[in-house]
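Number of protein chains: 4
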Amino acid sequence: MPCAQRRVRLLAVTPDALSLIYAAFRQCYHTGFVGEMWPRLVAGEISRDTQAAFVRQVLESGHDSPVEHVSFTFAVEGVSRACTHQLVRHRIASYSQQSQRYVDETDFDYLVPPAIARNPAALERFEACMTEIASAYQELKALLEAAGRGAKAKEDARFVLPQAAESKIVVTMNCRSLLHFFSLRCCSRAQWEVRGLANDMLALCRDALPELFAAAGARCEQLGYCPEGERFTCGRYPLRTIA
Amino acid sequence: MPCAQRRVRLLAVTPDALSLIYAAFRQCYHTGFVGEMWPRLVAGEISRDTQAAFVRQVLESGHDSPVEHVSFTFAVEGVSRACTHQLVRHRIASYSQQSQRYVDETDFDYLVPPAIARNPAALERFEACMTEIASAYQELKALLEAAGRGAKAKEDARFVLPQAAESKIVVTMNCRSLLHFFSLRCCSRAQWEVRGLANDMLALCRDALPELFAAAGARCEQLGYCPEGERFTCGRYPLRTIA
Amino acid sequence: MPCAQRRVRLLAVTPDALSLIYAAFRQCYHTGFVGEMWPRLVAGEISRDTQAAFVRQVLESGHDSPVEHVSFTFAVEGVSRACTHQLVRHRIASYSQQSQRYVDETDFDYLVPPAIARNPAALERFEACMTEIASAYQELKALLEAAGRGAKAKEDARFVLPQAAESKIVVTMNCRSLLHFFSLRCCSRAQWEVRGLANDMLALCRDALPELFAAAGARCEQLGYCPEGERFTCGRYPLRTIA
Amino acid sequence: MPCAQRRVRLLAVTPDALSLIYAAFRQCYHTGFVGEMWPRLVAGEISRDTQAAFVRQVLESGHDSPVEHVSFTFAVEGVSRACTHQLVRHRIASYSQQSQRYVDETDFDYLVPPAIARNPAALERFEACMTEIASAYQELKALLEAAGRGAKAKEDARFVLPQAAESKIVVTMNCRSLLHFFSLRCCSRAQWEVRGLANDMLALCRDALPELFAAAGARCEQLGYCPEGERFTCGRYPLRTIA
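Chains as they are written, first to last, in the working numbering: chain C, 1 to 243; chain H, 1001 to 1243; chain U, 2001 to 2243; chain B, 3001 to 3243.
Okay, chain C solo, but in the shape it has when bound:
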């Protein structure tokens, strides 16, 4: 029952991602067929810089649906159920999450909030609670199995598991949904854990497709001002002043 570490692994990106976005944008305004142009695109006959410049220009004019053609799939472990409950609220995405109904959670791992980890008294209290929960889980599972509940004992016993309990999840989002996710969850208003997850995902996106993600992040970084209002702003960017 160790404390869990978040790990995010990129399982898949749509191949030829920049060319695909470029081709989709071009098809909107082009007389010819991008299916025809495709072999030359992937052979690099139109430079990555030219493609990136075109994509940037159309994106800036507010036309962003073509970035949807590219998706990223991540395998995530070492995140709490609190975090995945926030994650799966993003509906334009696909999720396959480890089930607490079917997977045995004896000796579950858990996440420790940083403010607790750096406070020895709080950490001790937190860990004592985790230990008690683990023992309750095991005892309940045994009692229910003894009462003939079979495989369903796990789904009953899970009711004691904490929000801190570690989960694993496979996540696919297209680039438009990712940009939206980052705009909300890289913001300092997001909870530390989902913000950490968003930042990990963004780093992988930047490696794979810098032309699209280099400038991505919280909304303030696109807007040049903080849209969260006086009550919530972190102060990194000025609030919007209506001219």
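Calculated from the structure, these hints are not laboratory results. Glycine included, C-beta positions come from ideal geometry on N, C-alpha and C. Careful: at least some of the hints might be erroneous.
Okay, the calculated bits of chain H under chain C, using three or more residues with CB under 8 Å as the criterion [said to hold, decoys possible]:
id	stretch
1	1094-1106
2	1111-1119
3	1122-1136
4	1154-1162
5	1166-1177
Quick list of simulated restraints, FRET-style, between CB atoms [as the list claims (entries may be wrong)]:
id	chain 1	residue 1	chain 2	residue 2	range
6	C	R206	H	Y1102	37 to 43 Å
7	C	S47	U	P2015	54 to 60 Å
8	H	R1101	B	A3208	39 to 45 Å
Model the placement of chains H, U and B on the given structure of chain C, informed by the hints.
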């Protein structure tokens, strides 16, 4: 910190629901404008039976998108976080859920799985665990507040809260999404709690719009056979035999 | 075969719309159950002004999903197929459109672009073309019926129908989707016809729910600047200057 | 202004598609982390047959969301606007379509319905109409440009273009959405053109991922009976008889 009871209240249904579905279906196949016909529809000049028969006939032919024009909004309390995590996986829906980051969970309520409730030894163990969690929550919150964490103490302390912790949520689904939700969650394979929630929602839907929901429920009730396979079937309907 | 006029009729709005949005927002931050508070809300015990102020404040902080609980359904006639092809690209919405496969389009109505309507030579050429198309439709339908094509003659003959051909459609969008639709389609970059449709829908939304829609419209009206870039701006608002 | 031929080119498939679906399914029921297992999966240490058998088994039990992690992107040309209007009604998908507002449609190509193509009198009438429309488009464009309408002349003149006018579109759908699309559009009730498109897409899917798409197609092929009802059935499968 009492044990919670599920309550589902219907807050809103699209008005003139049957007429709206009828009008939408008619518009697909009709030369005239249903906007023109609308006052006569809502005045009852075409009988509810005639409308229902038309809707049923087109639905049976596999054309189901017009039922999307009608939505139901429910306020739900007395459900566990385990249950809402299953609920919000239904993506064609809108959710507003009580936040454990902002709401104080001292003396949280909790749900008890029936197999635990009817097993005195299990119930005692379960309740002892809930009591321990509540005291950990309060002590952690106090420790973190004392350490200057302010309002964020709640969002850290919530990591000890159990999956059993009670939540409240406002849910809106359109009728197509509801029919899909019922087909999966009224099935005996669904966990007891989300199945209970689905059945409560279905009862309210049947009251408000019997023409659409009288025959709704688990997939087997539409199909006439169980699609869950030998391993998972509850035996209520025969498995499908490929002719 | 007259020239068609657009008509938009509001068929349905979610009842108690402002209270529903207020209740959904409240549930996120409130200890109690909004299902409990609901009868007092709809009885007006919390004033419309108080509710509106709360909604505005949370919306401004960037939390906009609760407005999804309210939907509007419109019946639309007198719009071209060009316009509906743009409309149905908005995917978070439900549509029931008059089918050219099943509805007889002999003597179809059509839309005339304003720049053609005010140019006598262009209008004459346009109308001559419409007349020729109508006669081709009728002759093809007769020829195909004579060849035994039956009811499918219509779906073949429709291939000659112009983009100008009038269509009828029932549209449901929730308020979040509506605000997005207005932000794009009330903009002067949108084509005249879908912009006219968006403005008609916005006027009906403003009547029904002014607290939410009074300030809605093109993106510039929210942002205070034009995001469309130098090449596309209409000049009504200044371009964004990065500070 | 030749008659157009449909061409569908597969631009992209999510890499390691079968392993990705397998990994996503496994994560739901597996204690370990599929991110850990991933290098061995893509190295082929678990055979394609084993993976396929697992996927098939879970799919059959009604759990189909993990197939969403894999997407296909197609470039399509040689389809009519009638066809793309049907295509884009599938909302869980991404589209980038050639714009008739921005692309010059002088000498547009067009599609000819087969029942017209094989009927000499109908074909002659159809082609005469296409010729008249092309000349109207050109004359209107010239008249509007002469009247100072500039680049917007195209978006006005396009109102005469027929439903038959050829379009090009880039389409991305995930596998769950594709299976649904095929179930409706490979059915003989679908119009010949979108059915041809669906069959072309299905053939490409079968080549790339036979484990998932070998058995895909119209609903009857999964159900073993025709769900379209007596009025619409093509007779290939028996109607469902309620046992």
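### Query
For this structure, which hints from the list above don't hold up?
Violated: hints 5, 6.
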